[in-house]
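Asker: Each chain, letter by letter, is given below.
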Amino acid sequence: MTNIWHVMSFEYVRHVFRKRFLFGLLSLPLFLGAMALVVLLLVRSEINLDPVGYVDESGLLTDPGSLAGQDFQGSWVKLIAFDSQDEAQEALQAEQIQAYYVLDSDYLETRQAKLIALEAPSGIATGRFSQLVRANLLANLPSEVVTRLTQGNQLIVRSSDGTRQFIRGDWWGFLLPFMVGFIFLIAVFATSGYLLQAVVEEKENQTMELLVTSISPLRLMAGKILGIVAVGWTQLIVWFGLALILFLFVNAFLDITDWVSVSLGYLALAVVLFVLGFIMLSALMVAVGATLADVQEAQQVTSLFTLPLFLPFWFAFQIINHPNGPVAVGLSIFPFTAPIALAIRIGFASIPGWQIGLSLGLLIISAAFAIWFAGRAFRLGMLRYGQRVSWREFLGEGKLE
Amino acid sequence: MSVIEVDRVSKNFGSLRAVDDVSFSVEGGEVFGLLGPNGAGKTTIIRLVLDIFKPDSGQISILGGLMDQDKRERIGYMPEERGLYQDVPLERCLVYLASLKGVPKSEAKSRVQDYLERFDLSSYRKKQIKELSKGMQQKAQIIATLVHDPELVIVDEPFSGLDPVNTKMVKDILRDLRSKGVSIIMSTHQMHQVEELCDRILLIDYGHPLLYGETNHIRNQYAGHTLLIRTKGTLPALDGILSVESHNSTYRLNLSPKTSPQDILHQLVAKDTAVERFEIAVPTLDEIFIQVVK
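Protein sequence lines, in the order shown, are assigned to chains X and W.
Mapping of the first sequence onto the numbering used here: position 359 corresponds to residue 359, and the numbering continues sequentially without gaps.
Mapping of the second sequence onto the numbering used here: position 198 corresponds to residue 198, and the numbering continues sequentially without gaps.
Rather than coming from a laboratory, the hints here were simulated on the basis of the structure.
Any given hint might turn out to be false.
No farther apart than 16 Å at their CA atoms in a straight line, the calculated lysine to aspartate or glutamate pairs in the EDC-like style are these [to be verified]:
| hint | chain 1 | residue 1 | chain 2 | residue 2 |
| --- | --- | --- | --- | --- |
| 1 | W | Lys171 | W | Glu195 |
| 2 | W | Lys134 | W | Glu81 |
| 3 | W | Lys71 | W | Glu5 |
| 4 | W | Lys130 | W | Glu91 |
| 5 | W | Lys130 | X | Glu204 |
| 6 | W | Lys126 | W | Glu91 |
| 7 | W | Lys180 | W | Glu27 |
| 8 | X | Lys19 | W | Asp87 |
| 9 | W | Lys130 | X | Glu201 |
Just so you know, these numbers come straight off a predicted model, no measurement behind them.
Isolated chain X (complex conformation) (with noise of 0.2 Å):
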C-alpha cells in the first residue's frame, strides 16, 4: 500500500505543479467568466434603462414610491410622473426619458394608454408602467393581497411519494443537474488527457521499465489511477471554491440564498457517480496509452469511450420530458453515460432505488473490469516500444500470468 500511496503523490505533485494544469484549472473560469462579461456588456447595450415619464389624467395614479411597499424609484427604469403632456415631450425631447405614458381621463372605461416614444421602449420600461397602474389599481387592496395578485403563484410540482419536488420559474433546479454534467465532463477531459500522456510518455521515454521492477505493474496503476482522480478532483473542488466565492460576492448585493440550494443527498450521489466514473474512464486510459504506440493515435482511441459522455445532454429533451422513459433509464444505467445521465435525471425525476442501485453497481463493476482491463494492457503492452498489442494478444494469446 505504501508503494500505491508514494506512486499516488509523485503523479499528482507533478501533474499539480505543471503550467498546463494551472492553465487548464483558470482557464475555465476565466472562459465563463468572460463568457458572462459579453453577454451581461451585450445584454446591457441592448437594453434602455433611461427613465419613463407618465401623465396622469384619469387621476388614479399617486405617487409610485409608496405603492404597496414597491419600489418604482429603484436603480431600473425610474418612473416620472409630469403634469402635463407638453412638459412630457419636453423631456422626451431633451432626451431625459426614453418614453411617456398617458392614461386618459377615461381610462377606466376605455382601458386605453397611449405611448408616446421616439422609439420602441424597452421590455422592461413598459412592465414598470404597467405594474405602477396595477399597484395603484389595487391600492384598496390588503398589502398582501396585492403582493399575491401582482407576483402571481408560485407552482410546485411534487412527485407522489414527496420525495421530489420542482418550483416553477426556479431556473437553479433546472440548472444545476446540467451544471453538474457539464464540470464532470471538463473535469474528465481536462485531467483523463494528463494520464494518457503520461503512460505514454513513460512507455516511449522508458522510464517504464524502471518502475516495473520496483513496483508490481497493479500497484503501479491504482496509484497513477488514484493520482489522477486526486488531480481531478482538485480541479473541480477549486472550481467549486471559486463558485462560491462568486456566490457569496453576489449574494451580499442580492440575496439569492433562497434560490440557490444544493441537497446533501444529490451532492454525495453526485461525488460517488464521479469517483466511479473517473476511475472507469482512467483506467481505459492506461489501458490505451500502455497498448498503442504514441500520443495522436491514443488520443484517437480515447474518443471512442469518451465521445457516449456527450449523449445525456444530446438527449437532454428526452431526459427532462421524460425522466423515466425507456431512453433516460438507459442512458441512466450503461456506465459510460450514467454519471451524467444519473446526475441529470435526478434532477427532474423521483428514480426508484433499484435504478440507482443498479446504476451504481454497474458503475462498480465496470470501474472493476476497467483496472483489470487496463492491468493486462499494461503488462502487454508496456514495453512494446513503439508497437501496438493486436487484439488476439490481448484476447489470450499473450502469456501473462
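Dock chain W against the given chain X, drawing on the hints supplied.
Answerer: Frame of chain X; chain W shown alone:
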C-alpha cells in the same frame, strides 16, 4: 549459493523465438556477463529474470524463489535505454525511485543527497533531468540503480554511449560493488569490458546459448594452436607449422592440428635457439565471439 537460476527457459514473441532453451546460474558476489550480438536476446533474458515478461516454458528462481515485492526491493536495475522522468527535478525523481524500492522517504532524501555529492551532481539537484548532459544523466541512472543498496545489480549495456572518463567510473563502481559481495549481471557486446570484469559468461545468439562458463576457462579452451615466440636472432625452420607472422620481433606461429606447443619447444631446444619469449596465445573474447557467432 546461486542468486539466480534459469532452467531451460524459452520465450516466443509471435513467430519469433527470442529465447531458446537457455539455462544458467549466477553465483553470489560474482560479475556475470551476458553476451551476444545485437538482437541476440540478452535484454529479453534480463526482462524474464526481472519478471517483466513471463517465460513460455522453463523455470526462473531469483534470490531463492519467485519474484515478489520484497525481492524487487533487493534488486537494482539499469536498463539499456535509460529511463528517467525528463521533466522532473533530479532529486525528486531519485527520491521517488528510491521510495518505490522501499527506502523510507527521509532516508531516501539523505541517501540521494550523499550520492549526488559523491557524483558531483549536488548543484544540479533542482534541475530537470532533460537539462543535464548525457554523462550526468548516466550518473543519475547509476544512483537510481544503487541508492537502495541492492544485493543484486543488473546492468544492461552499462557502457553504451559513455566517454572514457565515465566508462572508467562505471567500471570502478562495478568493481567496488563486487568487493562488497554484490552480485552483478552485466549484459554487453563490448568484449574487452567483459574480459576485464566478468568472472563467468553466457554467450548467446538468436536466443540460443553458445558458450557458458568461467571467462578464463573459455579462453583457454580456445587456446593451444597459436604460439608467440621471440628469439635472439632469426627463428630457425620448424616442423609442424602452418604459417608464421612476424610483428615487432615477435613471431606468431600457427601450428598444425597434430603439433603441440611442447613439440615446438623441443625443436627450439634441439636447435640451441636462445628463446626470450614462449607463450601460448590465448584468444581474446572478441576473437572467440567472432569465431563462435558466425
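Asker: It remains to establish, for every hint, whether it holds in the given structure.
Answerer: Against the structure, the hints:
About 12 Å separates the Cα atoms of Lys171 of chain W and Glu195 of chain W, which keeps this hinted pair within 16 Å; it holds. Distance hint between Lys134 of chain W and Glu81 of chain W is fulfilled; the C-alpha atoms sit about 12 Å from each other, no more than 16 Å. Only pairs whose Cα atoms come within 16 Å are accepted, and Lys71 of chain W paired with Glu5 of chain W is accepted, the gap being roughly 14 Å. Between Lys130 of chain W and Glu91 of chain W the alpha-carbon distance is near 13 Å, which keeps this suggested pair within the 16 Å criterion.
Proximity of Lys130 of chain W to Glu204 of chain X is assessed by CA-CA distance (about 14 Å); at most 16 Å being required, the pair is judged to hold. Between Lys126 of chain W and Glu91 of chain W the alpha-carbon distance is near 6 Å, which keeps this suggested pair within the 16 Å criterion. Taking the CA atoms of Lys180 of chain W and Glu27 of chain W, the gap is about 14 Å. The hint holds against a cut of 16 Å. At most 16 Å may separate the alpha-carbon atoms for a hinted pair to count; Lys19 of chain X and Asp87 of chain W meet this at roughly 12 Å.
In summary, the hint linking Lys130 of chain W to Glu201 of chain X is supported, as the alpha carbons are separated by about 14 Å, within the 16 Å threshold.
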